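Chains as they are written, first to last, in my numbering: chain E, 570 to 917; chain Y, 355 to 489; chain H, 90 to 473.
Hints in this document: simulated from the structure, not taken from any laboratory. Incorrect hints may have been included.
[Said to hold, decoys possible] Partner residues aside, some chain H positions facing chain Y, computed with beta carbon under 10 Å:
hint: 1; residue: VAL191
hint: 2; residue: ASP204
hint: 3; residue: ALA212
hint: 4; residue: TYR245
hint: 5; residue: PRO289
hint: 6; residue: GLY406
These numbers were taken from a predicted model, which means no experiment stands behind them. Every residue gets a Cβ at the ideal spot worked out from N, C-alpha and C, and that includes glycine.
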Amino acid sequence: MMKPERPVGIVGYGAYIPRFRIAAREIARIWDGAGGTPVDSKSVPGPDEDTITMSIEAARNALARARIAPDRLSAVWVGSESPPYSVKPSGTLVAEALGATPWVSAADWEFACKAGSEALTAAMGMVGSGMAQYVLAIGADTAQGRPGDALEYTAAAGAAALLVGPAAEAVAVIEGTTSYVTDTPDFFRRADTAYPVHGHRFTGEPAYFNTLRSAAERLLRDLGAKPSDFTYAVFHQPNTRFPQTVARQLGFTPQQIATGLLSPKIGNAYSAAALLGLCAILDVAKPGDTIFVATYGSGAGSDAYALRVTEALPERRGRAPLTAAYLARETFVDYAVYAKRRGKLVME
Amino acid sequence: MDLAKHWRLRHARYRLEGQRNRLTGEVRFPPAPPRPGEAEDVWEPYVLSGRGRVYSFSVVRQPPEGFEDQPPYLVALVRLDEGPMVTAQLTDCDLEQAAIDMPVEMVTRRLRDLGPTGLIVYGYKFRPIVQSGNH
Amino acid sequence: MRHVYIIGTGATAVGEHWDRSAESLAIEALNSALGTIPVSRLGALYVASALSGTLHAQSQIGALIATAAGIPGVEAVTIEAGGASGGVALRQACMAVASGAVDLAAVVGVEKVTDVLDARREAALALATDADWEAIHGVTLTALWALLMRRYMHEYGYTADDFAPFPINAHANAVANPRAMYRFAITADKVRSAPMVSEPLGLLDCSTAADGAAAVIIASEGLARELCANPVRIAGSAVATDTLALHSRSNPLWLTAAAQTTAAALRSAHLTHSDVQVFDVTDPHGIAAALALESSGFAERGTAVALAREGAITPKGRLPLATGGGCKARGDTVGANGVYQIVELVAQLRGQAGAAQVEGARVALAQCMGGIGATVATHILTLD
């Protein structure tokens with residue numbers, strides 16, 4: 570287990586989910602999804618949205634909750650597999666929009682669906698060492714799936730921002746983290762290609778399940794804790810079934826994961842997926858509640874965290890829109906609009 | 355390739371940073387150089403709240419070059435709470451939802467994509483308010 | 090200052106001149122305006138063009154037209170003030186002749202818009218808005234007028250249908266104008282059922298950008314008596330500006346520069362509002378004409394649309410407007426509009442306007458504006 574010498578926690582958090590949705594049955598209508606659908610619907614970014622714009626809104630929500638002046642941030646880090654530019658950091662633009670520039674570290678992180686939690690772990694180190702007081706770790710993605718591919722049902726959009734700071738100021742103290750990584754090629758996108766490829770059933774047991782279980786079990790063991798010690802749990806959610814299954818394998822109950830399980834309605838928000846689930850939990854958790862978080866990124870790795878909610882949370886969460894407010898503004902589009910918006914129409 | 359002309363406006367575009375007069379407290383947007391006779395530093399940077407109301411709105415259906423992929427899109431004059439009026443698009447807003455006096459809030463979105471060899475221009479748009487948890 | 094006269098006018102048909110260049114159109118208009126006056130007598134050439142630099146990637150249109158006219162060497166200059174270019178160019182000619190620096194000058198307005206496709210033309214037109222704070226948001230001039238129309242409807246309780254008399258009057262008058270682009274009448278039903286361009290503006294309340302050139306010859310009093318049997322005097326001339334961006338104005342429904350220039354032009358002509366018998370204003374949409382009439386002091390705020398509904402803007406009404414078809418039915422030649430206005434109003438004062446003639450017209454007002462009145466030029470024409 571990794572844990573900084575100086576206790577750290579989340580002093581502000583912010584979610585963002587675009588208003589557009591496409592129903593999985595609408596995708597199935599086009600691509601003969603006779604085998605059932607992995608989610609009910611997924612979020613779709615608006616035509617003027619991308620990883621940068623979604624990161625900005627999530628980050629503004631985190632800053633609003635923390636009431637931290639943006640120029641007090643020491644780092645703005647964006648984890649994503651869908652940055653608008655191949656070369657040119659998203660972090661600099663997000664930092665400018667927040668008003669955190671110029672005396673700030675800014676960079677982008679990449680690790681498939683756990684790029685955001687990579688930034689979170691690094692933020693713990695930066696604040697925990699005393700080098701920084703506040704670091705913003707963001708996970709954001711506008712994920713792409715090849716038309717007709719199984720991924721198309723789930724590849725979604727969203728952002729979550731976690732403002733890491735001293736434990737004394739936190740709404741939730743981070744009690745420890747583990748990171749488990751192997752070279753496991755379950756899913757990848759080669760440079761200069763539009764869509765990723767995935768290993769079908771290879772993405773399951775040897776990749777998602779083994780990796781996530783390893784990180785989670787190690788954290789539980791090192792903490793001397795058991796699943797029933799936690800009020801809530803949230804796992805990376807590439808679909809509805811995987812997080813349910815891994816929860817069961819680990820010994821968590823459906824009740825523990827219900828609050829943070831957003832994938833049935835918004836699909837897989839990639840780098841934001843588990844972190845958005847955490848935001849949804851923080852929206853309702855009470856002081857003293859405990860939260861278990863495990864992310865997963867193909868390639869492959871998992872970061873697990875244990876959090877304890879403080880007395881500061883109830884007052885702070887009302888200062889920005891709740892995750893539920895974003896979940897509630899659902900505007901469904903059909904496959905044609907979705908294809909146009911997501912650049913799936915051949916224009917030339 | 356247009357770079358500097360967008361770069362130098364980034365604070366105003368990304369975060370609605372205008373100016374406040376140190377003497378009178380007047381807030382203005384967009385920022386501007388001091389007028390003849392004014393002290394160099396009389397206008398200081400000031401980030402506006404981004405809250406306002408729609409003064410009027412319309413829909414663009416015959417777009418100018420560079421906006422061909424966007425129509426129909428809503429454009430509006432928005433009276434900001436601090437007083438200044440701005441021109442911007444309304445986003446996350448259905449055409450039939452827009453109304454005079456509708457409360458709106460600023461979001462930072464993509465304004466224009468200058469193509470594969472150009473910048474993506476980001477800036478302020480306005481949308482119907484997403485209520486905070488307090489409400 | 091010397092008195093200044095118009096001694097010749099000419100214009101091309103407005104439309105889609107696929108096989109014509111800007112020079113070709115300009116020279117046709119100039120030759121027509123000169124009549125028997127030798128081109129070599131021109132002391133200065135003022136060329137108004139709003140879009141040439143952008144659409145043709147050609148600057149120094151003044152030198153280009155002078156060369157095409159066979160008078161390289163003449164003092165020539167291009168005037169760009171968006172839709173006010175024609176009026177601003179006329180003002181330069183007036184000042185040159187009034188001051189005594191020049192005895193004979195030509196003003197040529199020319200616009201060639203059909204060489205590029207629609208989106209590029211819209212972008213060029215939108216340059217008359219503030220590039221950094223309006224155009225970057227995808228705003229067009231049409232959309233800005235639509236914003237004003239909706240606000241006007243909101244404040245004064247009108248519907249979009251109430252604006253129909255403006256395009257109906259413009260089309261009715263254009264039937265008699267051989268140079269007009271749309272020489273057919275339209276009905277309120279047609280206006281109402283037209284597709285939307287920029288709500289609440291429908292297609293039949295929107296002008297069409299088109300090619301065309303118009304020219305007027307400006308002379309000192311002495312030359313006017315020598316060269317022309319029926320000169321028309323430019324009794325008042327004024328140009329003023331407003332904020333480039335519409336949102337910077339304390340009341341967007343008030344065109345300050347229209348108010349200022351009308352007052353100044355009438356004052357220098359020693360005339361009052363009630364003396365003006367025929368008008369031509371920048372009227373790509375009914376709302377533009379309404380705001381021009383109100384801001385210029387010819388209608389109370391919020392009443393111009395009601396006056397139009399009552400027939401005041403027809404050739405037989407109190408405020409005859411767009412007697413040559415206006416921007417809507419003559420065709421919108423942008424930077425040349427201000428010169429077309431003069432050509433048509435001179436015909437009115439000479440009693441040569443045919444079916445659209447305003448009986449006994451002796452005082453006319455021409456007003457053109459760039460953008461949403463960021464530049465306004467107003468001229469008063471009279472018969473001596």
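Results for each hint:
For VAL191(H), the shortest C-beta to C-beta distance to chain Y is roughly 33 Å, which exceeds 10 Å, and the interface hint is violated. Look at ASP204(H): its Cβ only gets to about 14 Å from chain Y, farther than 10 Å, so that hint breaks. Hint status for ALA212(H) relative to chain Y: holds, with the closest Cβ pair at about 4 Å, below 10 Å. A least Cβ separation of about 13 Å between TYR245(H) and chain Y goes past the 10 Å threshold, and the interface hint is therefore violated.
Taking 10 Å as the C-beta contact cut-off toward chain Y, the hint placing PRO289(H) at the interface holds, the least distance being around 8 Å. Checking GLY406(H) against chain Y: minimum C-beta separation of about 29 Å lies over 10 Å; hint violated.
Consistency with the previously given hints fails for numbers 1, 2, 4 and 6, ordered from lowest to highest.
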